[in-house]
Amino acid sequence: MAANMAEGAGTPIVVDGETPGVSGRWGGWMQTIAPIAPIVVIFVLAAASVPGFVSGPNLIAVVQASAITGIAAIGAAAITIVGKFVSLAIEQQAVTLAYVFTAMLMVGQSLTAAIAVTLVAAILLGAVQGYLVSRGLNPIVATLAFGSALYGSVVLLSDNRTITLRQNPVAWLGGGTSWGVPNQAIVFLVLLVIGTLFLSRTRLGRQLVLTGANPKAAELIGIPVRKLVVIAYVLAAMGSALVAILVVGQVSQASSNMFDGLTIDVVAAILVGGIAIQGGEGQLWRAGVGALILTMLSNVMLLLGLDAGVRLLLKGALAAAVLLTMTVMKGRGR
Amino acid sequence: MSALARIDRGLWLRIILSIVLLVAGSILIDGFATTATLASITENVGLIGLVAAGLMLTMVVGQLDIAVASVAAVSGIIALLAGQNSLLLGIVAALAAAGVYGGVIGWIIARTGVSSLVLTVCMLIGLRGLALVLVPQAPAILSDDLFWVSDGLVARIGPTSLLGVIGLVIIIALGLAMRGTRLGLSMYAVGGNVERARGSGVNTTRVYVAAFAGSALLAGTAGILASLRSGSASGTGMDSLLLDGVTAAVVGGVSLEGGRGNIINVLLGALIVRIIAAAVALEGVQSSVESIATGGVLLAMLLVDYALARRSGLPFANSWRVLAGPVRI
Numbered sequence: 006m007a008a009n010m011a012e013g014a015g016t017p018i019v020v021d022g023e024t025p026g027v028s029g030r031w032g033g034w035m036q037t038i039a040p041i042a043p044i045v046v047i048f049v050l051a052a053a054s055v056p057g058f059v060s061g062p063n064l065i066a067v068v069q070a071s072a073i074t075g076i077a078a079i080g081a082a083a084i085t086i087v088g089k090f091v092s093l094a095i096e097q098q099a100v101t102l103a104y105v106f107t108a109m110l111m112v113g114q115s116l117t118a119a120i121a122v123t124l125v126a127a128i129l130l131g132a133v134q135g136y137l138v139s140r141g142l143n144p145i146v147a148t149l150a151f152g153s154a155l156y157g158s159v160v161l162l163s164d165n166r167t168i169t170l171r172q173n174p175v176a177w178l179g180g181g182t183s184w185g186v187p188n189q190a191i192v193f194l195v196l197l198v199i200g201t202l203f204l205s206r207t208r209l210g211r212q213l214v215l216t217g218a219n220p221k222a223a224e225l226i227g228i229p230v231r232k233l234v235v236i237a238y239v240l241a242a243m244g245s246a247l248v249a250i251l252v253v254g255q256v257s258q259a260s261s262n263m264f265d266g267l268t269i270d271v272v273a274a275i276l277v278g279g280i281a282i283q284g285g286e287g288q289l290w291r292a293g294v295g296a297l298i299l300t301m302l303s304n305v306m307l308l309l310g311l312d313a314g315v316r317l318l319l320k321g322a323l324a325a326a327v328l329l330t331m332t333v334m335k336g337r338g339r
Numbered sequence: 216m217s218a219l220a221r222i223d224r225g226l227w228l229r230i231i232l233s234i235v236l237l238v239a240g241s242i243l244i245d246g247f248a249t250t251a252t253l254a255s256i257t258e259n260v261g262l263i264g265l266v267a268a269g270l271m272l273t274m275v276v277g278q279l280d281i282a283v284a285s286v287a288a289v290s291g292i293i294a295l296l297a298g299q300n301s302l303l304l305g306i307v308a309a310l311a312a313a314g315v316y317g318g319v320i321g322w323i324i325a326r327t328g329v330s331s332l333v334l335t336v337c338m339l340i341g342l343r344g345l346a347l348v349l350v351p352q353a354p355a356i357l358s359d360d361l362f363w364v365s366d367g368l369v370a371r372i373g374p375t376s377l378l379g380v381i382g383l384v385i386i387i388a389l390g391l392a393m394r395g396t397r398l399g400l401s402m403y404a405v406g407g408n409v410e411r412a413r414g415s416g417v418n419t420t421r422v423y424v425a426a427f428a429g430s431a432l433l434a435g436t437a438g439i440l441a442s443l444r445s446g447s448a449s450g451t452g453m454d455s456l457l458l459d460g461v462t463a464a465v466v467g468g469v470s471l472e473g474g475r476g477n478i479i480n481v482l483l484g485a486l487i488v489r490i491i492a493a494a495v496a497l498e499g500v501q502s503s504v505e506s507i508a509t510g511g512v513l514l515a516m517l518l519v520d521y522a523l524a525r526r527s528g529l530p531f532a533n534s535w536r537v538l539a540g541p542v543r544i
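Those sequence lines, one after another, are chains A and B. The numbering used here puts the first sequence at residues 6 to 339. The numbering used here puts the second sequence at residues 216 to 544.
Since the hints were derived computationally from the structure, they do not count as laboratory data. We put the CB at the ideal spot given by N, CA and C, even for glycine. The reader is advised that the hints may include incorrect statements.
[Claimed, not checked] Far from chain B, by Cβ distances over 10 Å, these chain A residues were calculated:
(1) Leu142
(2) Leu149
(3) Gln172
(4) Trp177
[What the hints assert, rightly or not] Short, incomplete list of chain B residues facing chain A, as computed with Cβ under 7 Å:
(5) Ala239
(6) Ile242
(7) Leu332
(8) Cys337
(9) Ile340
(10) Leu345
(11) Val348
(12) Leu368
(13) Arg371
(14) Gly474
All chains, full assembly: derive it from the sequences and hints.
Below is the structure:
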């Protein structure tokens with residue numbers, strides 16, 4: 006890390022812990038703005054060409070839509086930062102937690118109890134995945150298997166029924182607005198700030214970042230690497246729990262297909278934001294930016310009348326483009 | 216312990232497990248011990264085996280192609296769409312597209328050093344989008360005068376069907392090529408230790424291109440065969456091929472660490488996966504039980520692999536390689 010700092014010493018904009026290898030002012034600067042550039046480009050193009058894009062309600066809709074992906078992505082970013090890329094069980098665990106939360110409210114438990122049980126369930130789900138991965142199992146394959154078994158269990162136990170709340174004590178949080186801004190979006194931004202402070206200011210946060218950057222060095226200086234991997238998966242599951250509570254608040258029900266496509270959106274957000282390639286640098290905002298880019302893109306394409314296939318195709322293409330651009334830029338200075 | 220002895224022990228373990236499952240199924244489940252069930256199992260072993268064999272190629276070189284299900288879906292759709300007039304043309308077009316795609320992916324991975332896992336996740340998303348672009352609503356349908364192809368593929372040949380035979384022939388040919396050709400052996404060398412392989416003169420770019428082109432071709436073949444069998448290909452179809460294929464490969468003892476894996480064990484892995492799926496289907500329970508069973512088997516196998524490797528002191532237990540770097544696999 007010291008070497009990176011020295012290299013970036015003459016560059017004012019270089020973020021702490023910037024990638025080694027990109028030499029000079031240009032590289033560091035480019036890497037910092039690279040994820041933001043698409044937002045500006047998409048925004049300007051959309052404002053100029055898509056009628057109805059720059060209207061208050063539509064912009065609020067964009068922020069609201071990016072909040073769910075964004076919150077899940079911020080949670081999942083803990084896994085990326087600790088060096089394990091991502092969990093493929095995100096939507097399955099969000100569905101599970103939504104069922105847990107709704108079922109607790111259905112049987113007449115208080116809101117506090119429902120939230121507490123949902124969080125405990127999230128900790129369990131995260132800890133199991135984290136334990137498996139921390140022992141050296143392939144993170145993607147292990148979470149693929151875990152997600153499949155979990156989803157099957159939930160569908161089986163719930164008999165694949167949609168359960169609906171008659172009284173929804175979290176409607177204000179999931180569907181409401183404060184000063185015209187959707188509460189979901191406020192939660193998203195607050196979480197982004199808390200997460201960033203957590204990573205840069207707390208001991209645990211810094212240990213997460215260091216483990217991702219160099220697990221061997223982290224273990225040598227006495228950081229409990231395996232424990233941190235478990236914690237990262239628990240944090241990701243907590244993100245899913247928050248998403249589950251917010252969406253149940255919004256739609257007052259839990260169903261097995263309520264989070265279809267969430268895993269893909271989260272993975273794409275993490276890739277498009279560039280956090281996956283930077284790995285172990287703890288730039289959490291990249292996850293949020295990724296979610297915002299994707300939602301804006303989806304929104305523009307929706308307004309243009311493009312169908313789901315094109316949107317998915319462009320998500321994949323954009324993720325690949327960002328991934329390859331950043332990998333090549335990172336490799337050039339070596 | 217010699218490598219051969221270890222492979223043999225794994226082989227016997229899988230043969231015994233398959234037999235135990237078959238016997239248990241025959242005793243416990245009505246209608247399991249019929250030629251129809253057996254043919255259905257072996258036919259699907261051919262199909263899942265193709266995907267698993269493709270995954271084995273990329274896993275042996277120390278990478279992972281997570282986009283196989285999307286590749287299969289797109290290939291099946293291309294074959295049916297381009298095959299409206301001449302089916303042969305459709306199949307050739309689909310295979311050419313899959314091969315070129317896989318080759319380009321392999322080349323990019325070799326040249327940029329990008330994590331194959333992350334890149335192929337992008338492809339998983341993008342190609343699924345492409346599948347939905349090609350057939351937005353109603354699935355692509357095989358034209359009426361070509362229905363004999365579907366009937367022909369499921370025509371019984373001994374204990375399996377024509378589709379099963381095609382799959383098995385391709386898989387076994389691949390297994391022989393892996394052990395008998397220079398390129399095949401180079402794959403194991405690269406997966407074992409890429410620097411050492413490069414040092415001893417192996418062209419690693421060629422190896423990666425071959426592995427990913429092979430993976431896409433095999434997944435594409437599976438997709439084409441499955442689409443021809445059912446006579447239709449939808450934009451959302453075949454997504455279960457990823458879990459089934461990975462489970463078959465991992466149950467078949469292919470190491471996610473690279474350098475290890477052989478085709479006979481992969482076939483047995485596919486057999487075990489399909490026996491369980493057939494048993495679940497015959498019991499008439501919900502399909503969610505199948506995802507619990509497949510996911511559970513995959514998890515259990517990962518853990519067994521881990522425990523065995525740890526006991527015998529293989530590098531797997533030393534997780535540096537897994538931990539090293541953000542997403543190197």
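Status of the hints after comparison with the structure:
Chain B draws leucine 142(A) into its interface by the beta-carbon criterion, the shortest separation being 5 Å against a cut-off of 10 Å. With a minimum CB-CB distance of about 6 Å to chain B, leucine 149(A) fails to clear the 10 Å threshold, and the non-interface call is violated. The non-interface label for glutamine 172(A) is consistent with chain B: the shortest C-beta to C-beta separation is roughly 30 Å, beyond 10 Å. Distance check on tryptophan 177(A): its Cβ is at least 34 Å (rounded) from any Cβ of chain B, clearing the 10 Å threshold; non-interface status holds.
Hint on alanine 239(B) is violated. Least Cβ distance to chain A is approximately 21 Å, over the 7 Å limit. Hint status for isoleucine 242(B) relative to chain A: violated, with the closest Cβ pair at about 25 Å, above 7 Å. The interface hint given for leucine 332(B) is met, as the beta carbon of that residue sits about 6 Å from the closest beta carbon of chain A, less than 7 Å. A cut of 7 Å between beta carbons decides the hint on cysteine 337(B): the least distance to chain A is about 4 Å, and the hint holds.
Checking isoleucine 340(B) against chain A: minimum C-beta separation of about 4 Å stays under 7 Å; hint holds. Checking leucine 345(B) against chain A: minimum C-beta separation of about 5 Å stays under 7 Å; hint holds. Among the interface hints, the one on valine 348(B) holds; its C-beta lies about 4 Å from the nearest C-beta in chain A, closer than the 7 Å criterion. Contact between leucine 368(B) and chain A, as hinted, is not supported at the beta carbon level, the nearest pair being about 28 Å apart and thus beyond 7 Å.
Checking arginine 371(B) against chain A by beta carbon gives a least distance of about 32 Å; that is not within 7 Å, so the hint is violated. Look at glycine 474(B): its Cβ only gets to about 15 Å from chain A, farther than 7 Å, so that hint breaks.
Consistency note: the structure conflicts with the earlier hints numbered 1, 2, 5, 6, 12, 13, 14.
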